[in-house]
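Fit chain Z to the known structure of chain S by using the hints.
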Amino acid sequence: MHLSEITSSGFFFLAPWLVFAPLAGLLINMIFANRFKFSENLIGGIASAASGVAFIVSILLTYSLSLQHGEAARWRLAEWFSIGSLSLDWTFRMDTLSTTMMLVVSGVGTLIHIYAIGYMREDVRFKHEEGRFARFFIFLNLFLASMLVLVSGDSYLMLFVGWEGVGFCSFLLIGFWFEMDTLGRSSWANSNAAKKAFIANRVGDFGFLIASFLIFWNLGQSLQFDQVFEAAKNAPPGVIVAITLFLLLGVAGKSAQIPLYIWLPDAMAGPTPVSALMHAATMVTAGVYLVTRSAPFYNLVPDAQYIVAMVGAITALFAATIAVGQYDIKKVLAYSTISQLGFMVAAVGMGAYVAGFFHLIAHAFFKALLFLSAGSIILGIERGHHHAEHAEHADKSKSKKGKKEEHGHAEHGEEAFDPGDMRNMGGMRKTMPVTFWMYLIGALALSGIFPFAGFWSKDEILLDAKLHYPAAYWLLTIAAFFTAFYMGRQIWMVFFGEARTAPAKHAQESPKVMTLPLVALAILSVGGGALNFPFEGFHNLGHWLEHTLGEVESMPLNLQVAGVSTLLALIAIGISWLIYGRKPLQNGEPDPLKKALGFIYTGMENKWFVDEGYAALVIKPFDKLSQFLADVVDWRFWHDFVHERLIAGTYNWISAIALDKYSDKQGIDAFANGLATVSQRLSAGMRKIQNGFVRSYALSILLGVVLILSYLIFK
Amino acid sequence: MEFHFPLLTLLTFFPVVGVLVILFLKSEQKNAIRWVALTTALITFGISLWAFSLFRSANPDLQLAEKYNWIRVAGWNIYYYLAVDGLSVLLVLLTTLLSAIAILCTWTAVEDRVKDFMIFSLLLEVGMNGVFLAQDLFLFYIFWEFSLVPMYFLIGIWGGPRRVYAAVKFFLYTMAGSILMLVAILYLAIQTNTFSVPDMLSVLPGLYAAGTISAGAQMLLFVAFAAAFAIKVPMWPLHSWLPDAHVEAPTAGSVILAGVLLKMGTYGFLRFNIPLFPNAAIQAAPWIAALGTIGIIYGAAVSYAQQDIKKLVAYSSVSHLGFVMLGLFALNPEGVAGAIIQMVNHGISTGALFLLLGMIYERTHTRDINVYGGLWKIMPVYGSIMMIASFSSMGLPGLNGFIGEFTILLGAFGSKAISNPWFAGISAIGVIMAAIYILYLFQKMFLGPAGEVTHHHELKDLNWREIVTMIPLVVLMFWIGLYPAPFFNILAPAVEKLLSALPL
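Protein sequences appear in the order of chains S and Z.
Going by this note's numbering, the first sequence opens with residue 1, and the numbers climb by one from there.
Going by this note's numbering, the second sequence opens with residue 1001, and the numbers climb by one from there.
Pulled out of the complex, with its shape left as it was, chain S reads as follows:
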């Protein structure tokens, strides 16, 4: 694998437009949208077009790359900075790994941009904030630009720019409705979720930073990929282990693995297109990309690989159990995402990079599909809610004079209606048929049912695990069982039985601008397996990535592994039917599993109390510590006691004795009285210092003169 330096052939000169296109879209909307009163379609259209251009550029780059048989190319845009031995450029890297990510990010990104035009149009109206429509697309384009920097950077530091950039966009978009909670009530909840996401990510970024310092000082004073990978071959393994484990901390932050996954469920506070694009399909897979990119490191240290694989596998199972106990449609999907990211991390940890990447792509398709469909359902119910409410209002205004009509819908009643709660749904296959079918396809793909994309990608991971890491294999297989179960539960609760509430009953199907992207993603979810069929001659993705990763194992379909996992998935769906499908949940009835599992279910329902644990063990102590440092150590001890009492006090005392005769108290007091309007206590204490002012100055000078003279004399 040789690296053509700065390539002039093909379309590689277009590489910077991966970033410039979304930036241009962002700037146009930022500068002109509000000034010239752009219509919502125009704003969304500009943003989607910007994303579309990035997608076309990705295609052209991939095409150029295939022309030179996958040999990596680089395109240097500009110098970044150089000082000492550190020298960095803004250089884009096109190899088979990065172009694959570019295609996924910009392709799925474009579909979600289009969907968001329809979604946000209604969302801003339900929240009475029409003015915020443009801001959403500005942020979304900024995210796309950052994400493309992340995947196309040619050095660890450029990758890090994108890495933190997407974290920043995540902060902005989770907190998009920063003045409310997910139900539109005035609250700190959404902004708390945004803050939590950023800080959890920063903990991971700390690991990334330390890793990059280790890389720089131990691997040839560079951060450029090829150079450090070359230097790694002769580096002591201890250093590589340290680097890989610090990188793993970064991965745990960005890709929501144990112990830093806690931010992702809360991130569902963001508008649903954000959950789909960033918190399912693309941003959270950055960690998987990072491990794959760093494969030359991980391949050198099997111990570190084992740790990565186990972190992934344990996360996969742990999150899957929590997903079973959730009622919010997006929360189920969020924990499912954590679990599936666990699958990917486990895969790349095992060195099964192709399998991990295959699953990353397939997951991007079907999880984006699921989230967008969930968004469609939530809006459908919102529409039904408004419909029902208007009917209700009509009744009310007949009997009384409708007073509350001006208020937003959120203020109605004691408890706000939650359109995302699956207990409020039921029977929605009739009211939202298109969404139903799309959701079903996504669910089957996620559950790993033949022949959907998820079947192929998940089986490849399981097969690799079986061969290399039996413990991970069992964890992942059980996780796969839970996956099928919670998706079954969701399908029965949401779409079957009878509507449990009026809004669900009156739910309306979404417009085409939303359902068409769903159809596109559904097609990809069905056919995505073709990327890497486990048959001789069909390992397309494997052969493509081989150019970057070196020789990869391409494995034939193993009927035993595929059979066991498919059987388990079918059993899980069957059980979910027995519990939720055969006898549909009634309004107000507790989850049937609660009776059956007792305290275990309580644990699942409450996310195993991990958030509470963090609050008690990390957040509270940190708050207390900083309060203690601020109040007691800094203020009362350093400020009041040491500085005020000891130093200033002594100084004043000396100066009072030494210079009392010469001071002009009257003049200074007059000055002070003119200026000071301070509290009783302070003025008492302060007058000493003020009186000391000129005297102290004089004393200081005297002191200096004495010292110098004594030096000169006794020299």
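There could be a bad hint or two in this list.
Derived DSBU-like pairs: lysine-lysine, alpha-carbon spacing no greater than 35 Å straight-line [stated by the list, open to error]: (1) Z:K1377 to Z:K1460; (2) S:K37 to S:K127; (3) S:K505 to S:K594; (4) S:K583 to S:K505; (5) S:K466 to S:K233; (6) S:K37 to Z:K1460; (7) S:K595 to S:K583; (8) S:K512 to Z:K1377; (9) S:K127 to S:K620; (10) S:K127 to Z:K1460; (11) S:K127 to S:K430; (12) Z:K1497 to Z:K1030; (13) Z:K1377 to S:K620; (14) S:K430 to S:K505; (15) S:K37 to Z:K1377; (16) S:K594 to S:K620; (17) S:K430 to S:K583; (18) Z:K1460 to Z:K1026; (19) S:K624 to Z:K1377; (20) S:K233 to Z:K1416; (21) Z:K1416 to Z:K1497; (22) S:K127 to Z:K1377; (23) S:K595 to S:K430; (24) S:K512 to S:K127.
FYI, nobody ran anything at the bench for these hints, they're computed from the structure.
Frame of chain S, contents of chain Z only:
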């Protein structure tokens, strides 16, 4: 030396022209006074750009030098000696820019004794420019002490309720440190027969080698200089005057204080401590790195516990300046250059934060964080600029703060002088903590439901003057973040030269 136009003298003393004009104006002519002051500051900024255009960044030496005999008493060679090099040129530009911005931000904030205010502001600029340009220790000391006086009055007259207390404390602390430095300066001058720093630098290695100045004496001299500078920085645990001064100072005072005056401390280490006392500097490096690390963590933790928005940013300065000290005493190009960039960054970002907090204070007259909330919805432009400044301050890649922090930490991690990666490793936790306290500030003020203060005040978004005040800073945040190469190129040769003289 051939005669050339005394550009640096013009740069340093031009604000005095403005002062003279203002003296002829009546106190009631407030707007005229403001315009004169602003014009003066802008012209001074223009002169600094002119000087910069003549500055050759490839040249590591002092440039545009003006050296005249000044005082010759008892064999003491005191010079009037101004010059600039890569270590100081950015700080001079920062000073002239921030001075103009500070004057612009007081347009409506200061209504009381405008004439005096502007006179002090312009005199302050003279002192600050002098500090960064003087190459003679006597001259430096005069500018150093002189810059205290206008700031003392700015805090003491236009400050908050405890202004006199804060002003006196500010003055005394800095004075106390300076005394030790004065003694050390005199000792050095006696030994070397000159006050000119470049001349000292050519003589000192011989004196050290001959043992005329012992290693112990060198360390004492280092400590004496460090005492003055460490208080100014301020390094932990000498920071106690800073929250008082910042909280009480008027906005313009805070901007200059954080933006420039603190840099006089770090600049002092860079310009004097490291080259004059190289062995002592290397010996002290781990200790200063330790203090820097403590400052980073401590400042960040204490900042998070504040209820007063200005105090929060004041403590964040302790943390940020800890990074600068850590980078300086990494004593490698990455660390030192990163530290200089970070000095500029801190001036830009923290300056911007104080400006922004001043704008809201002008509207609400409260600094209590708990009464705010939801401001982004009410004041979208203000919120957006605040967001950029906040993330710049916490070191988001793509903005300026990251470039400084990353190079500092990278340099400190592999520093031979510090010889222990743990300092950088622990300091990197400060990056997490910065996110915690900055997001606490941003969330409490700008996100969430509309706060109590919005019920009592009709809050208008920024006006054009306020936006214009912020634009240069925001542009610089992106510029240094995305394309810092020109900035590094300016200081790299001078930094390399500085470090090559160290016996490391």
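Hints the structure fails to honour | 12
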